[in-house]
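Participant: Residue-level listing of the chains:
There are 2 protein chains.
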Amino acid sequence: MKRYEQLVELLATDIRNGRLAPGARLPSIRTITVQHGLSASTAFKAYYRLEEKGLVRARPRSGYYVIGPPAQLPPPAALSGREKRTSALVSSRLHISELVFSVLDAVQDTDIVPLGSAFPSPDLFPLQRLGKSLARVAPRLHGREMVAHLAQGHPALRQQIALRYLAMGMAQPMDELVITNGALEALNLCLSAVAQPGDLVAIESPGFYASLQALERLKMKALEIPVHPQDGLDLAALARALERHPVKACWFMTSFQNPTGTSLPREKKQALVALLAGRGIPLIEDDVYGELYFGERAPWPAKAFDREGLVMHCSSFSKTLAPGYRVGWVSPGRFGERIAGLQLMTTLSASLPAQLALADYLQHGGYDKHLRKLRHVMEARLASLLAAIVRHFPPGVRVGRPAGGYFVWVAFDAGFDALALHEAALARGISVAPGPIFSARRDFRHCLRLNGGHPWSARLEDAVQTLGMLARRQSPYAGPDA
Amino acid sequence: MKRYEQLVELLATDIRNGRLAPGARLPSIRTITVQHGLSASTAFKAYYRLEEKGLVRARPRSGYYVIGPPAQLPPPAALSGREKRTSALVSSRLHISELVFSVLDAVQDTDIVPLGSAFPSPDLFPLQRLGKSLARVAPRLHGREMVAHLAQGHPALRQQIALRYLAMGMAQPMDELVITNGALEALNLCLSAVAQPGDLVAIESPGFYASLQALERLKMKALEIPVHPQDGLDLAALARALERHPVKACWFMTSFQNPTGTSLPREKKQALVALLAGRGIPLIEDDVYGELYFGERAPWPAKAFDREGLVMHCSSFSKTLAPGYRVGWVSPGRFGERIAGLQLMTTLSASLPAQLALADYLQHGGYDKHLRKLRHVMEARLASLLAAIVRHFPPGVRVGRPAGGYFVWVAFDAGFDALALHEAALARGISVAPGPIFSARRDFRHCLRLNGGHPWSARLEDAVQTLGMLARRQSPYAGPDA
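Line order of the protein sequences matches chains A and B. Residue numbering for the first sequence follows the numbering used here, beginning at 25 and increasing consecutively. Residue numbering for the second sequence follows the numbering used here, beginning at 25 and increasing consecutively.
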């Protein structure tokens with residue numbers, strides 16, 4: 025790492041941790057040069073980079089200041105009451121799908137500003153280059169190629185994925201990997217492999233609605249574990265829940281969690297794996313945003329600490345490369361045979377043209393170069409959204425500053441009604457993802473998830489302004505907490 | 025239809041129906057010219073065509089004779105006892121997957137003669153032409169194309185499929201169709217949409233093992249309805265079963281059924297739809313072999329008679345065009361919303377490159393021309409397999425002569441052990457599909473399914489000879505019925 029990059033990383037970490045609070049002035053260039061023994065040009069380069077990342081802003085003749093978010097998220101207890109939750113956290117029935125679909129329907133419409141979308145903005149994806157890979161592999165799809173290699177996915181792609189694990193320092197043998205129809209199929213197969221109807225499964229609260237839908241579909245019960253706004257899942261709450269309840273499996277997103285954007289730090293991932301290993305509980309790890317990190321290094325997944333084969337690590341190319349290709353995978357630990365068997369019974373395999381095109385692209389296409397650019401741009405876009413929220417949302421709104429991914433989780437005061445905002449915003453051509461779709465018990469009615477992955481534009485600025493106006497209108501009705 | 029084609033159809037129908045029995049001599053060319061008012065060259069052309077189809081054989085200076093199969097299948101009662109079945113036909117637990125997988129594993133190996141395979145032989149598929157479609161659509165996969173149009177599948181493909189329905193005289197609006205990851209996903213989604221764990225579902229006996237696996241996976245119960253060797257599902261047995269049991273749904277293959285190759289005639293399809301409509305029972309119709317008919321016209325599916333929206337018509341391109349693309353669909357009747365919703369929760373959608381390439385191919389690629397050739401060649405290959413069975417299998421073996429598809433169902437005497445034959449054959453590098461994998465109760469131990477879709481070769485001839493030798497060896501152990 026170059027010296028200016030070291031300085032960027034140092035200051036960016038302090039800003040994300042809150043040690044350098046919003047509004048704080050960065051040390052002057054002069055101070056930096058003296059303290060760190062750097063040239064002024066190196067120090068300037070570092071500050072320009074931080075500005076580019078959307079973390080600081082220069083004020084003429086004054087210096088560099090840390091910008092938004094206006095405040096961190098409240099502690100989990102304040103989100104909806106941890107103690108109340110610990111006693112009432114088993115949801116017997118979810119009934120979530122209808123609500124989720126009514127929200128997602130709106131996102132399909134291209135005329136709607138897609139702040140509620142879960143999809144990445146595809147404008148940065150190397151689709152031309154991928155198209156070339158597709159054209160290159162097309163003639164190879166002949167004869168037995170078309171029917172052999174279906175089970176578990178094509179070896180060429182499994183090899184490329186195994187190499188990427190290796191580059192991270194994780195050995196996941198290609199013979200164990202199972203290629204799936206997106207991470208969504210991987211997650212659903214994992215769940216079916218380790219739990220039965222009626223079983224209790226621990227999920228995050230708030231958490232990705234696909235886990236809620238899967239539990240509802242398979243008639244399992246949700247045990248909601250609160251997510252801490254700074255460092256992800258509340259492990260102490262999980263440990264207490266495991267004492268009290270017969271949890272059959274966990275389904276967690278350990279890095280850049282959807283919807284909060286939070287990550288478990290490395291040592292907490294290790295502790296999570298140890299906690300579950302002690303009880304022999306399988307972990308379904310959803311890691312689809314892991315490659316979209318803003319720091320200098322990829323976060324290790326919990327899978328990296330798995331010695332017992334209890335962690336099923338699920339990911340895909342849908343957030344970084346090619347959502348429509350529908351290719352994901354799972355490194356399944358000890359559950360590989362069961363997962364592969366379930367896939368053979370339900371979809372047989374992922375589509376071969378997409379698998380082979382991705383294998384070709386991974387081998388020749390410059391995926392890492394693409395990812396570096398993608399991370400860089402995502403961080404800047406997210407910063408633009410955060411800054412717009414500061415400008416337009418009512419004072420007192422709380423947002424986190426994610427260290428990766430493209431979601432911003434916004435918490436209003438307790439009386440706020442995100443479902444009402446969702447309706448009002450839709451009527452003005454703007455989608456948002458209201459908090460209740462991320463909870464089996466429809467908690468988080470005072471929260472919103474916004475997609476910050478789209479290129480910043482006047483249209484987005486207007487949309488955030490409109491949301492802010494609609495949120496302010498709610499204040500009179502917000503009740504005593506507002 | 026040309027005059028010689030009319031004659032071919034007339035005689036082929038008589039041969040398939042058994043009105044012209046194996047060994048029977050066809051009318052002389054002279055008789056034909058007189059009876060039908062045709063020229064001798066037209067009559068010869070028809071006979072050549074029948075020979076090409078593998079239905080007749082010329083004997084020098086003697087005439088044309090109907091060749092194999094040696095006998096028709098026994099009536100369903102003789103297969104495993106219909107009355108016994110009607111009382112004991114509910115299988116509480118299936119435990120079928122392990123057996124199926126152990127059989128299917130062998131088929132993966134390219135060194136094994138694939139008589140046990142369920143896959144079509146890909147040698148006839150227009151993969152070069154499909155590859156061109158893939159290359160052509162590749163650059164179109166950009167921007168919002170990649171995330172829009174995921175739900176229900178891409179409109180371009182839905183439109184092409186709707187046009188094919190229209191060409192058959194069936195109006196299935198493209199807005200209702202759901203594109204899936206192969207027919208297998210369609211079938212599984214349909215089942216989840218209309219039945220719950222514990223529910224009773226009527227299936228065919230013998231029947232496609234995917235239905236058994238699906239019921240086992242979803243903890244549903246199987247009600248086995250016998251398949252008649254001439255004209256498919258025993259409707260009277262179904263009607264009796266519906267009187268006695270609370271059947272929640274049916275899952276049937278109405279044309280060129282896997283494994284028996286039988287079809288429900290048009291009037292029986294209509295009667296089936298009426299029977300189920302009277303009770304409001306949904307029908308999951310698996311029609312993946314419907315395009316592989318040897319007659320002059322495509323058989324209508326049961327869906328064609330559906331007025332209530334109770335029939336979910338599932339098919340795919342996997343048996344005719346591109347198995348590895350994993351693209352199928354369902355025309356879902358009144359269950360479309362539920363099926364599409366379940367897909368959004370589990371795999372999201374089928375892969376876009378494959379969908380768009382197929383849409384392009386259907387629009388420009390000459391699918392109908394390809395299908396005509398495929399049907400022609402399949403029929404001849406199947407005839408080669410039937411003829412080899414006549415040459416090499418023990419006398420008394422019974423086989424049907426399918427009017428479409430590529431499977432031959434072989435019934436030995438009652439004491440025969442197809443699982444033992446499967447093991448012995450595998451040791452000699454030959455796979456077969458033993459009868460018990462097609463039954464929830466592991467019936468049909470005296471039966472085999474053979475794949476007749478591969479190009480005929482000395483290797484296949486040898487394999488059939490070896491199977492015949494192994495079958496003869498079993499005779500001493502076959503028990504009193506043998």
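Some hints could be false.
[Unchecked claim] Dumping the calculated EDC-like pairs for lysine to aspartate or glutamate here, alpha-carbon to alpha-carbon at most 16 Å:
1. A:Lys243 x B:Asp223
2. A:Lys69 x A:Asp129
3. B:Lys77 x B:Asp38
4. A:Lys397 x A:Asp147
5. A:Lys243 x A:Glu267
6. B:Lys243 x A:Asp223
Hints listed in this document are in silico derivations from the structure and should not be mistaken for laboratory results.
Participant: Hints the structure violates: just list their numbers, smallest first.
Facilitator: 2, 5
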